[in-house]
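Fit chain B to the supplied structure of chain A, relying on the hints for placement.
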Amino acid sequence: MKFLRKQLDKVKHSFEKGGKLEKYYYAYEAIDTFLFAPNTTNDVKGAQIRDAVDLKRLMMTVIIAMVPCLLFGIYNVGHQHFMAIGQAKAAVADKIVIGLWQVLPIVVVSYGVGLGIEFVFSILRKHPVNEGFLVTGMLIPLVMPPDIPLWQVGVATAFAVIIGKEAFGGTGMNVVNVALTARAFLYFAYPTDISGGVWTYLGDAQVVAGYSGATPLAVAAETIKGENVVAALNTFGAGWNEGVFTLQNLFLGFRPGSIGETSTLMCLIGALILIVTGTGSWKIIVSVFGGAYIMALLLNLIGGSPFVELPAHYHLVIGGLAFGAVFMATDPVTAAQTETGKWVYGLLIGMLTILIRVFNPAYPEGIMLAILFMNVFAPVIDYMVVSANKKRRIQRATV
Amino acid sequence: MGKFIRLKKGFTINLKGKAVPKVVETDYPETCVIKPTDFHGIYMPKPMVEVGDSVKAGSPLFHDKRHEQIVFTAPVSGEIVEVKRGEKRKLLEIKILADKKVEFENFKKFSVSDINNLNASDIKEQLLKSGVWTNLVQRPFGVVADPTATPKAIHISAFDTHPLAPDYSVLFKGQDHYFQVGVDILKKLTAGVVHVNTHATSEISTVFSQVKGAEVNKFSGQHPAGCVGVQIHHLDPINKGEIVWTINPLGVIQIGKLFLNGVYDASRIVALAGSEVKNPQYYKTFTGASVKKLINENLNQEHVRVISGNPLTGTAIGKDGHIGFFDHVVSVLPEGDHYEFLGWIAPSTKKISFHRALGLLSFLSPGKERVADTNTHGEPRAFVQTGVFEQVTPMDILPTHLLKSILAEDIDEMEALGIYEVIEEDLALCEFVDVSKHKVQEILREGLDLVQHS
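Chains as they are written, first to last, in the numbering used here: chain A, 321 to 719; chain B, 49 to 502.
Extracted from the complex, chain A is given alone in its bound form (with noise of 0.2 Å):
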């Protein structure tokens, strides 16, 4: 490590103020920090010492808390794509190729950009790469379908980051999610691609009798009244895959989807990781799940059509919810910043989701919308909380 460090010192000094390469110091400082923890210490007054935590660190937790996502979503491309051209007993390995083939051009597409951008920034406005990419370069492909053609994977991308990062001042200070600014730019930009028969990845195989591309949460939107959902969700894929969407299995996530969405299970895995790091904030996770519930409870009670009668639980488990919850509503950045704050923040993203999927006929998935909604919102709900503080403080001095 010694030679490593010698060579960096070697050229530190063309980088450095005075040096040929000036320009050039933050994408250099960002390779060298990357490398070496910096030699930096505390200023002479003040704190001495510091806590072992950066950002570096908090980021790098997240995405451990992605993998498992990332690994079921690669595993499940592949899953589905066999299934749906009737090869279900196809073996394990080839399904994770095909996974692999399909996922992994998209997430060096999502980094590449990203971080390509990233240093562009960096350089022209002098300030140093933010680690904030290194998640939102692995949330983008999670949720994207498998399917998705890589330019506009990169389109997406690159949109999100000027957009929906540098243009309010990089990392910090974003108003809205980075990798959902992605996902709703394809959304609005080219429904076609991002609707339909997109989430299972098909290629040029010829698909077995009876396939049907169909999302649970189309399926529940499309039971005729008088039908009961539950049944029509059991019976679905029948012929070609079996169950597909029992309980158990949207649980488990061997459902098509978006790449890394499907599973509530390794999202909740995800989310243990983020609450026992304390990295992501539980209230937020919580109160997501609990205000769908509670919507869909409330929806339950008041019935009306066989998609409003869905049993409560169903909703946690089919769409994005979970993973919207777990990683998306949880980005510190864009989130209700106070604590109790963070509790009216959750609950109203899970009972907007709901809302838009039941009541929405245009948008049959409600979380991405109901998390940049609530993004933008906010700053209001911190406001309220923040208010509040200042008025306990303001009684006190007059009583």
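Since the hints were derived computationally from the structure, they do not count as laboratory data. As the structure is a computational prediction, the values presented were derived from the model and not from experiment. Treat each hint with caution, since some may be false.
As the list claims (entries may be wrong) - Here are the in silico distance ranges between beta carbons for each label pair:
(1) 412/B <-> 602/A: 49 to 55 Å
(2) 57/B <-> 596/A: 18 to 24 Å
(3) 482/A <-> 460/B: 34 to 40 Å
(4) 416/B <-> 517/A: 56 to 62 Å
(5) 714/A <-> 197/B: 21 to 27 Å
(6) 398/B <-> 558/A: 30 to 36 Å
(7) 621/A <-> 460/B: 45 to 51 Å
What the hints assert, rightly or not - In silico BS3-like links for lysine-lysine, alpha-carbon gap of 30 Å or less:
(8) 56/B <-> 711/A
(9) 367/B <-> 710/A
(10) 446/A <-> 200/B
(11) 487/B <-> 711/A
(12) 332/B <-> 365/A
(13) 51/B <-> 365/A
(14) 322/A <-> 398/B
(15) 365/A <-> 326/B
(16) 57/B <-> 711/A
(17) 365/A <-> 70/B
(18) 416/B <-> 365/A
(19) 365/A <-> 341/B
(20) 365/A <-> 367/B
(21) 365/A <-> 487/B
(22) 365/A <-> 136/B
(23) 136/B <-> 337/A
(24) 711/A <-> 398/B
(25) 200/B <-> 711/A
(26) 487/B <-> 710/A
(27) 343/A <-> 487/B
(28) 446/A <-> 452/B
(29) 711/A <-> 51/B
The C-beta atom is built at its ideal place from N, Cα and C for all residues, glycine as well.
Same frame as chain A, but now just chain B:
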């Protein structure tokens, strides 16, 4: 009756090298230094001595140009050897070459019964003249107390929860009588009560538990339970326009000695602590004394940072530096100016962390004493993580929002968010735990200065 207050939030940093309860007598220090920079709220310190003058303990060294009656006096007798100035001729320190035996300036002496008959203006006059006054710190802002003000209460924190904190029962052993007299005198300066705030779970020295005429409160919980600002917040919070004074027990004892013996006795016991000290223990020395003799041949290695004060709020002074006016501990930590290969991700049980993020395993054995160096462990970033400051601030205050309002220089917002209730030490733990490595204490002081001078 005092109150019992249980604090749930906070974090105690358990460092290696705490001083063992043994007090060593030292030779007289070669030099003593008084630094105007140890005090806040001095408009312009103006020296009253020149190089070559000889002074006694209690002789004036400098005063504040705006409040001429507030004088800062010599802790020992000797000869002035240096008047150090910085940029724009700002006075930085006055150095005294100490005599082998301290000679005292004589102030009025009182018997216990005389003291009961004293009035506030007599007391203030004697305190101001002797320089003992400068022990009184005024909140809001943590400045030298204003002699014309009458505080609504006076608070004394009788324990310290900082890392490497000295044990107050060692520092103030046998000073019961002086402390009592000090409290009696302080009572005459406030319209309200004198609070003595003790720790609920450790043994309390009789100095504090037996004191009469003061409210003895108990606090339980982790650091910053010992910070007087946190205690005030829970006992009798400071609202806009209100004034509260704080003083550490040594100041109270100095007041007692001043009135009973007629001298400014600046002798003090300091703890020499930290992982790099061979024999961490207590030393009897003087306010402003040079640390050179204390650390000489008492270090495990030479690449260290010597800090006057504790590792959270102290000031690096160098190996031949001098102890700050308010400090009871000299901490010696390893200097952290080294690179660490993949240090941002390598797992470690040795590094101290409040967080449990990937690979930070110190939470598994919280009771273990650890070594901390002065490395920043990361680079400064924008605010990202939320909710952490709140977990280490046991007050109804939103530190993140307060800090942001200071960065935005929004004075109304700072007021509304409670800037009057805090000074640096109360939020020092936020600086420690901050993922984005903000200079919380520096930012807060900028805010305090802004509000104070607006």
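Consistency of the hints with the structure:
1. 412/B <-> 602/A: 49 to 55 Å: 20 Å, violated
2. 57/B <-> 596/A: 18 to 24 Å: 20 Å, holds
3. 482/A <-> 460/B: 34 to 40 Å: 35 Å, holds
4. 416/B <-> 517/A: 56 to 62 Å: 57 Å, holds
5. 714/A <-> 197/B: 21 to 27 Å: 23 Å, holds
6. 398/B <-> 558/A: 30 to 36 Å: 59 Å, violated
7. 621/A <-> 460/B: 45 to 51 Å: 47 Å, holds
8. 56/B <-> 711/A: 23 Å, holds
9. 367/B <-> 710/A: Roughly 45 Å separates the two Cα atoms, so the pair is violated.
10. 446/A <-> 200/B: 50 Å, violated
11. 487/B <-> 711/A: Since the Cα atoms of residue 487/B and residue 711/A sit roughly 28 Å apart, the hinted pair holds (cutoff 30 Å).
12. 332/B <-> 365/A: Between residue 332/B and residue 365/A the Cα gap is close to 25 Å, so the pair holds against 30 Å.
13. 51/B <-> 365/A: Violated: residue 51/B and residue 365/A sit about 34 Å apart, past 30 Å.
14. 322/A <-> 398/B: Distance of about 22 Å is within 30 Å: holds.
15. 365/A <-> 326/B: 25 Å, holds
16. 57/B <-> 711/A: It holds: about 22 Å lies between the C-alpha atoms, which stays within 30 Å.
17. 365/A <-> 70/B: Status holds; Cα separation ~29 Å.
18. 416/B <-> 365/A: OK: residue 416/B and residue 365/A at ~27 Å, within 30 Å.
19. 365/A <-> 341/B: At roughly 23 Å apart (the allowed maximum being 30 Å), residue 341/B and residue 365/A satisfy the hint.
20. 365/A <-> 367/B: Given that 30 Å is the threshold and the Cα spacing comes to 16 Å, the pair holds.
21. 365/A <-> 487/B: 10 Å, holds
22. 365/A <-> 136/B: 21 Å, holds
23. 136/B <-> 337/A: 28 Å, holds
24. 711/A <-> 398/B: 43 Å, violated
25. 200/B <-> 711/A: Measuring from Cα to Cα gives roughly 22 Å; hence the hint holds.
26. 487/B <-> 710/A: It holds: about 24 Å lies between the C-alpha atoms, which stays within 30 Å.
27. 343/A <-> 487/B: Measuring from Cα to Cα gives roughly 27 Å; hence the hint holds.
28. 446/A <-> 452/B: The given pair, whose Cα atoms are some 22 Å apart, holds under the 30 Å limit.
29. 711/A <-> 51/B: Roughly 25 Å between the alpha carbons, so the hint for residue 711/A and residue 51/B holds.
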